[in-house]
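Following the hints, complete the assembly by docking chain B with the ligands onto the known chain A.
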Amino acid sequence: MTLADMETLVYARPASLTEMPTHYCPGCTHGVAHRLIAEVIDEMNLRERTIGVASVGCSVFAYNYFDFDWVQAPHGRAPAMATGIKRVLPDRLVITYQGDGDMASIGMGEVVHAAARGENITVFFINNANYGMTGGQMAPTTLPGQKTTTSPHGRDVETQGYPVRAAELISTLEGASYVVRRSLHDPKNIRLAKKAIRLALETQVRGLGFSMVELLSICPTNWGMTPVQSLKWLEEHMIPYFPLGDYKVHPAVAEIKV
Amino acid sequence: MARELWKGNIAIAEAAVRAGLEAYFGYPITPQTELLEYLSMRMPELGRVFVQAESELGAINMVYGAACTGVRVMTSSSSPGISLMMEGLSYIAGTEVPVVLVDVMRGGPGLGNIAPAQGDYNQIVHGGGHGDYRPIVLAPSNIQEAIDLTMLAFDLAEAYRAIAVVLLDGSLGQMMEPAEMPPLRPLKSTYPDWAVRGAIGRERRVLSSIYLDPPLEEEANLRILRRWQQVEANEVRYKGYYLEDARFVVVGFGTAGRVALSAVRAARAEGIRVGLLRPITVSPFPSRVLRELADQVEGFLVVEMNTGQMLEDVLRAVEGRAPVEFFARLGGVMPLPEEVLDEIKRMASTPLSVDGHPRERWLQRMLQPA
Ligand SMILES: Cc1ncc(C[n+]2csc(CCOP(=O)(O)OP(=O)(O)O)c2C)c(N)n1
Ligand code: SF4
Chain A
227 MTLADMETLV YARPASLTEM PTHYCPGCTH GVAHRLIAEV IDEMNLRERT IGVASVGCSV
287 FAYNYFDFDW VQAPHGRAPA MATGIKRVLP DRLVITYQGD GDMASIGMGE VVHAAARGEN
347 ITVFFINNAN YGMTGGQMAP TTLPGQKTTT SPHGRDVETQ GYPVRAAELI STLEGASYVV
407 RRSLHDPKNI RLAKKAIRLA LETQVRGLGF SMVELLSICP TNWGMTPVQS LKWLEEHMIP
467 YFPLGDYKVH PAVAEIKV
Chain B
2 MARELWKGNI AIAEAAVRAG LEAYFGYPIT PQTELLEYLS MRMPELGRVF VQAESELGAI
62 NMVYGAACTG VRVMTSSSSP GISLMMEGLS YIAGTEVPVV LVDVMRGGPG LGNIAPAQGD
122 YNQIVHGGGH GDYRPIVLAP SNIQEAIDLT MLAFDLAEAY RAIAVVLLDG SLGQMMEPAE
182 MPPLRPLKST YPDWAVRGAI GRERRVLSSI YLDPPLEEEA NLRILRRWQQ VEANEVRYKG
242 YYLEDARFVV VGFGTAGRVA LSAVRAARAE GIRVGLLRPI TVSPFPSRVL RELADQVEGF
302 LVVEMNTGQM LEDVLRAVEG RAPVEFFARL GGVMPLPEEV LDEIKRMAST PLSVDGHPRE
362 RWLQRMLQPA
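So the protein lines, in turn, are chains A and B. Adding 226 to a residue's 1-based position in the first sequence gives its number in the working numbering. Adding 1 to a residue's 1-based position in the second sequence gives its number in the working numbering.
Just chain A, same shape as in the assembly (with noise of 0.2 Å):
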């Protein structure tokens, strides 16, 4: 590379991920958490020995996305599939790539189990407040009042309950050590998310047990908004309910500098 190619090349697709057009929905966040995920991946010079597990969801084709190796979980299973591989392999980096569908709800069990274990996996978890690939139905994550297929008068708290608020669960469970809520929805949370992602591998590299960063997504599909409307409805509704910052911090990985 010349130094003038260098000037030029602001903008590179990471290694880690693949050359394979996405299919999500334009403006959906998907894309910017596969991006993070690959992006610090090549910076830890891990590609090789990552092994993904992705779930059932929009991002059921992850696989195609990244490259590296993957296998594909049925609905809600893949920490339980990212136990039996990462017990096999203790030396590579195991993933998860899950939904709110998948993981606090059919696949709340194996999460929490995975946890409490002190699994030494990491799980990235996208909260977007409905099932995006079914067509927008009420997820364990979605707001009072808010309008899905399944609650389409707002839900309704009295019959259909209260969101779960996954990482403040989770950050209970001795065996988690790197517990954390980021959202996606500005270039400085975009930024702050990114550093999470590193501090969760950085958990799972050096051995000191779960990790999980929820990331709060959009789905402007579904929510019937613009993507620009739905940052901004993310924003203004999604964060006070499920508001930012770190549940779980092991003083190991406290200690961390990257």
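Source of the hints: derived by calculation from the structure; they are not laboratory data. It is possible that part of the hints are untrue.
Stated by the list, open to error - Just a few of them, taken from the derived set where beta-carbon distance is under 8 Å, the chain A residues facing chain B:
1) R275
2) F294
3) D295
4) Q298
5) A299
6) R303
7) M307
8) A308
9) T309
10) G310
11) R313
12) V314
13) L315
14) R318
15) G335
16) E336
What the hints assert, rightly or not - Derived DEER-like restraints, expressed as beta-carbon distance ranges:
17) H379(A) - D194(B): 53 to 59 Å
18) V383(A) - G111(B): 31 to 37 Å
19) Q386(A) - L217(B): 37 to 43 Å
20) E245(A) - D194(B): 22 to 28 Å
21) H127(B) - C251(A): 37 to 43 Å
22) D133(B) - P469(A): 44 to 50 Å
23) L217(B) - C251(A): 23 to 29 Å
Glycine is no exception: its CB is placed at the ideal position from the N, C-alpha and C atoms.
Just chain B with the ligands now, with coordinates in the frame of chain A:
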């Protein structure tokens, strides 16, 4: 190597260890719990993986993940736990990764009881999970066979990228018998070319059961079916006893087969020419030998510890060429050799009916004892 006393569940666990089991995941349920308990000590002792999962759902998906790395993996459970595993088993079949499953059956449906039964035949042999797949199912009737078939299960699962099930009932799991344990085999040091272990110096690999494009899913189904044809051609196993001159043939697997053998011997002692066919692979089912026997014998007696789940496979194989009778005990009640002997005597002394279904006739006899 010397014969030692082994309890069924523990014998299977140790046989799996000797076969090169690298990772075990399980959940407690009677009557298979000793298997889990034994491996919780044995596996870590050898530096191998043992995890007590949060549920059978967790266990089967841990097995699924571990199987994707190409090592030898196993889980074990009993009927209600196996029901919970069905989703994972279907995914495992769809992903074409080898897994060994041990099902120590108990009485059901529902919570049922912890007594020995054979009610899982259909959900195992005919696939309780969604989609088209067929597991290889091995049914031991004594402890030595349980050991040998467990070893074989790992080889077959790997050879055919399939699920291999060791199917037994609670009485075999709990029973003690002298048996010889094979020597410890070394662990694998090379892995198949589909194994997902990190893309170190190679193209990435993906293991999945998803084929969104229907023609590709059709192709996957055909691939699985063709592999199954190989299994059917090469792996049918059964044991025949006193078949050469038999007028009647009793058919039973596992413990039912074992009980039937005592009855057959007693009948022989009374001069009745009767034999036993005991399927060892209930899947692939020994249909051909049954069809051949159908042209030679006066009738079959199917003995099971369920309401006639294997009976349907026998009827399919016999194709109406010979009368088939049925006898069963249910819900954890074991059939007695004397009961089976009575059935054999009845068959030998009265003209055999071909009216209706053998299950119907049995039910009539069962409900209106002579
Ligand atoms: C056992 C099972 N139940 C239901 C489904 C159908 N299903 C597919 S994706 C999905 C929801 C996924 O939503 P989420 O996890 O929030 O991810 P998103 O699509 O929003 O990224 C459901 C219910 C399934 N595949 N398997
Ligand atoms: S449906 Fe929603 S979550 Fe799924 S790709 Fe489209 S915008 Fe993203």
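Against the structure, the hints come out as follows:
The restraint placing R275(A) at the interface with chain B holds, with a minimum CB-CB distance near 5 Å, inside the 8 Å limit. For the restraint placing F294(A) at the interface with chain B, the shortest Cβ-Cβ distance is roughly 5 Å, inside the 8 Å limit, so the hint holds. Against a cut-off of 8 Å between C-beta atoms, the interface hint on D295(A) holds, since the closest Cβ of chain B lies about 5 Å away. Nearest Cβ of chain B to the Cβ of Q298(A): about 4 Å, under the 8 Å cut. The hint holds.
Restraint check, A299(A) versus chain B: the minimum CB separation of about 7 Å is within 8 Å; hint holds. Of the supplied interface hints, the one on R303(A) holds, with its beta-carbon coming within about 4 Å of a beta-carbon of chain B, less than 8 Å. This hint holds: M307(A) has a C-beta 3 Å from the nearest C-beta of chain B, less than the 8 Å allowed. Residue-level restraint check for A308(A) holds (minimum Cβ-Cβ distance to chain B is 6 Å; threshold 8 Å).
At a threshold of 8 Å, the smallest CB-CB gap from T309(A) to chain B is about 5 Å, leaving the interface hint in force. A hinted interface residue such as G310(A) counts as satisfied when its beta carbon comes closer than 8 Å to some beta carbon of chain B; here the least separation is about 3 Å, so the hint holds. A distance limit of 8 Å between C-beta atoms decides the matter here; for R313(A) the minimum to chain B is near 4 Å, and the interface restraint holds. Given the 8 Å rule on beta carbons, the hint for V314(A) holds: about 5 Å separates it from the nearest Cβ of chain B.
Interface restraint check for L315(A): the shortest CB-CB distance to chain B comes to about 6 Å, inside 8 Å, so the restraint holds. Interface hint at R318(A): satisfied, since its Cβ lies 5 Å from the closest Cβ of chain B, which is below the 8 Å cut-off. Residue-level restraint check for G335(A) holds (minimum Cβ-Cβ distance to chain B is 6 Å; threshold 8 Å). Look at E336(A): its Cβ gets to within about 6 Å of chain B, closer than 8 Å, so that hint holds up.
One distance hint, 53 to 59 Å for the beta-carbon pair H379(A) and D194(B), holds here, with the actual separation near 54 Å. For the hinted restraint 31 to 37 Å between V383(A) and G111(B), the CB-CB distance of approximately 34 Å keeps it satisfied. Between Q386(A) and L217(B) the beta carbons are some 38 Å apart, a value that agrees with the proposed interval 37 to 43 Å. For E245(A) paired with D194(B), a C-beta distance near 24 Å keeps the hint of 22 to 28 Å intact.
Look at H127(B) against C251(A): about 41 Å separates their beta carbons, and that is inside 37 to 43 Å. Distance hint check: the CB atoms of D133(B) and P469(A) are about 48 Å apart, consistent with the given range 44 to 50 Å. Our hint of 23 to 29 Å for L217(B) and C251(A) holds, since their Cβ atoms are close to 24 Å apart.
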